[in-house]
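Engineer: Here are the chains, one letter per residue:
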Amino acid sequence: MGHMHEFTKGIWKENPVLRLMLGLCPTLAVSTAVDNAIGMGIAFTIVLLGSNVVISLIRGFIPKQVRIPCFIVVIATFVTIIDLSMHAFQPKLHEALGIFVPLIVVNCIVLGRAEAFASRNSVFASILDALGMGVGFTLALFVLAFVRELLGTGMVTLFGHAIVSRPLLQPAIVMILPPGAFVTLGLMMALMNKIGEKRT
Amino acid sequence: MEFREILVIILGAVFINNFVLNRFLGICPFVGVSRQIEASIGMSLAVVFVMTLAGAATWCVNKYLLVQFDVEYLQTVSFILVIAALVQLVEMFLQKTSPVLYSALGIYLPLITTNCAVLGVAVLNIREARTFLETVIFSASAAVGFGIALILMAGIRERLELVDLPKPFRGAPIAFIVAALMAIAFMGFSGMKL
Amino acid sequence: MQNTARLVVVLVTICVVASGSLAFVNSLTAERIQINEEKETQRLYGEALAGLGRTVELSEPRQVGNLVCYEGSVNGEPVGTAFIVTTNKGYGPPIEIIVAVDAAGDRLAGVRIKKHQETPGLGANIVKVRPDEDEPWFLRQFKDLTSDRILLKPAGEIDAITAATISSRAVVDAVREGFEEFARARSELAGAQ
Chain A
1 MGHMHEFTKG
11 IWKENPVLRL
21 MLGLCPTLAV
31 STAVDNAIGM
41 GIAFTIVLLG
51 SNVVISLIRG
61 FIPKQVRIPC
71 FIVVIATFVT
81 IIDLSMHAFQ
91 PKLHEALGIF
101 VPLIVVNCIV
111 LGRAEAFASR
121 NSVFASILDA
131 LGMGVGFTLA
141 LFVLAFVREL
151 LGTGMVTLFG
161 HAIVSRPLLQ
171 PAIVMILPPG
181 AFVTLGLMMA
191 LMNKIGEKRT
Chain B
1 MEFREILVII
11 LGAVFINNFV
21 LNRFLGICPF
31 VGVSRQIEAS
41 IGMSLAVVFV
51 MTLAGAATWC
61 VNKYLLVQFD
71 VEYLQTVSFI
81 LVIAALVQLV
91 EMFLQKTSPV
101 LYSALGIYLP
111 LITTNCAVLG
121 VAVLNIREAR
131 TFLETVIFSA
141 SAAVGFGIAL
151 ILMAGIRERL
161 ELVDLPKPFR
171 GAPIAFIVAA
181 LMAIAFMGFS
191 GMKL
Chain C
1 MQNTARLVVV
11 LVTICVVASG
21 SLAFVNSLTA
31 ERIQINEEKE
41 TQRLYGEALA
51 GLGRTVELSE
61 PRQVGNLVCY
71 EGSVNGEPVG
81 TAFIVTTNKG
91 YGPPIEIIVA
101 VDAAGDRLAG
111 VRIKKHQETP
121 GLGANIVKVR
131 PDEDEPWFLR
141 QFKDLTSDRI
151 LLKPAGEIDA
161 ITAATISSRA
171 VVDAVREGFE
181 EFARARSELA
191 GAQ
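Protein chains in written order, with the working numbering: chain A, 1 to 200; chain B, 1 to 194; chain C, 1 to 193.
Don't read these hints as lab results, they were simulated from the structure. Do not rely on the hints blindly, as some may be mistaken.
Unchecked claim - Straight-line alpha carbon distances no greater than 30 Å define the calculated DSS-like cross-link-like pairs of lysine-lysine that follow:
| id | chain 1 | residue 1 | chain 2 | residue 2 |
| --- | --- | --- | --- | --- |
| 1 | C | K115 | C | K143 |
| 2 | A | K92 | B | K63 |
| 3 | C | K153 | C | K143 |
| 4 | C | K89 | A | K92 |
| 5 | C | K143 | A | K92 |
| 6 | B | K63 | C | K89 |
| 7 | C | K128 | C | K114 |
| 8 | A | K92 | C | K114 |
| 9 | B | K63 | C | K39 |
| 10 | A | K194 | B | K167 |
| 11 | A | K198 | A | K13 |
| 12 | C | K39 | C | K143 |
| 13 | A | K198 | B | K167 |
| 14 | C | K153 | C | K114 |
| 15 | C | K89 | C | K115 |
| 16 | C | K39 | C | K128 |
| 17 | C | K115 | C | K39 |
| 18 | C | K89 | C | K128 |
| 19 | A | K13 | B | K167 |
| 20 | A | K9 | B | K167 |
| 21 | C | K39 | A | K92 |
| 22 | C | K153 | C | K115 |
| 23 | C | K39 | A | K64 |
| 24 | A | K64 | A | K9 |
| 25 | B | K63 | C | K114 |
| 26 | C | K115 | B | K63 |
| 27 | C | K153 | C | K39 |
| 28 | A | K198 | A | K9 |
| 29 | C | K143 | C | K114 |
| 30 | C | K128 | C | K115 |
| 31 | A | K92 | C | K128 |
| 32 | A | K194 | A | K13 |
| 33 | C | K89 | C | K143 |
| 34 | C | K89 | C | K39 |
| 35 | C | K89 | C | K114 |
| 36 | B | K96 | A | K64 |
Said to hold, decoys possible - Beta-carbon label-pair distances, calculated as ranges:
| id | chain 1 | residue 1 | chain 2 | residue 2 | range |
| --- | --- | --- | --- | --- | --- |
| 37 | A | G112 | B | C60 | 23 to 33 Å |
| 38 | B | C60 | C | N66 | 32 to 42 Å |
| 39 | B | F189 | A | K198 | 38 to 48 Å |
| 40 | A | I173 | C | E40 | 22 to 32 Å |
None of these values were measured; they are calculated from a predicted model. Yeah, the Cβ is synthetic: ideal placement off N, Cα and C, and Gly gets one too.
This is chain A alone, in the form it adopts within the complex:
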């Protein structure tokens, strides 16, 4: 199916974090624990899905000159909906993610997809695009968080269950601190470049 490519591109070739280098702030901040990473990934995907769909639906009505403010209002609305819902139904996750929930509105990925894609394509394609980018974002976040949590605390906990619990080495706390975030992301990007190089 020709459209599947809209979905898969977000996962590897145009991975929003590792290739397009968007949405770096939450990626670094939230990847201290796998639980937080997945929570953020889901919240982000819902916002992206909602805003892509709505913007694609009303794309015919938005005059070009005010399109950015319009996109922003739509995105901010979905972010607030997710913020309130999370606060009500998942208060612990909400507290863990902190200011990065409202900051989803300035996550360049969401505005970027609205401008580059949803405002020019059909609703169906926009849905696939959103899902692909969402999965790609969550995946990048997950891998980063997994590495940081494992090396930084010696174990990995997923929703209360320890999935890796025998520390092989003494944990290096620096991994859950800012330097650990930067260095892990840098190495991941270098790795992806290397793999990309080998393919071509």
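Knowing the structure of chain A, use the given hints to seat chains B and C on it.
Structural biologist: Positioned in the frame of chain A, the structure of chains B and C alone reads:
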């Protein structure tokens, strides 16, 4: 307000809890703009200007509109609109008064709207329950901290251009590894007792 | 002119629809958020006073010195008094701590953290529960201590969190000072009677 309290806020925002290296706010421009020192200086000045104004403006919007009318759930929407409008005004202002600076900053100016540091500082001021004066000082200091990190990074990256790096590391990856080292250095401030 | 009017209309419509939907979602969630917070505070008070899984009734707030105290009872039996202390000697914004003193008034019944923004993975471990345990290990250490033992080892009984001495010390000092203030104010009240 005592001078000491002001100093605590400033040093806290610039060094101890640096927005880029500690709070992870403003990473996109930090990686995107830091290739040249001159662009970095220009961007930093613009950010200081915008962030201070945005912090003050959003604080007022929160106090006199959102809280007054009990619509605090409109915080995200209203704040981001205020910021977008502010950036637009700054753009128009610069275009008229300093076309040189305007063209030097080029595309970076509208990008400040999506700079998480700006919305971040606005939200933090409310969450950390600051007064108006504290907000202005904190916002300006946070922006200065951002600028310092940005200019330092640019200085290092300009030198890195002359070095023979392995291909996969060129560009962003090495920038992040440098950022990691900078972050470790800045962690040294965290023991400061004021 | 036509064009500008259209721009304004579109923008305003979107804002109105957005505000409307947010007001709607807010009405759905606001109460629940409030209830969650109150339930959580109740739970923390209960755990500090009587341990896990016990239902504790809290009395009306009473002023003891400059502390706002709640008497707790389980099945009618008093189990202690709880109050909140705040410290800004932590790493981030002020930490709110619930301190519970036992019914006799000379030992701690328990300590819980009501609110904190310490660094994840470091200071935030003041509330960390180990995977096969059921309460934060750091806070468990405070149980049954008399005020002279509420200090970091070796002077007292409390093991600090590795690499998070600032947060650990902030909590320890706040708890001890709160306890001492409570004991002092109480004996003043008793003395006055």
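Engineer: Which of the numbered hints are not met once you compare them with the structure shown?
Structural biologist: When the structure is compared with the hints, numbers 23 and 27 turn out to be violated.
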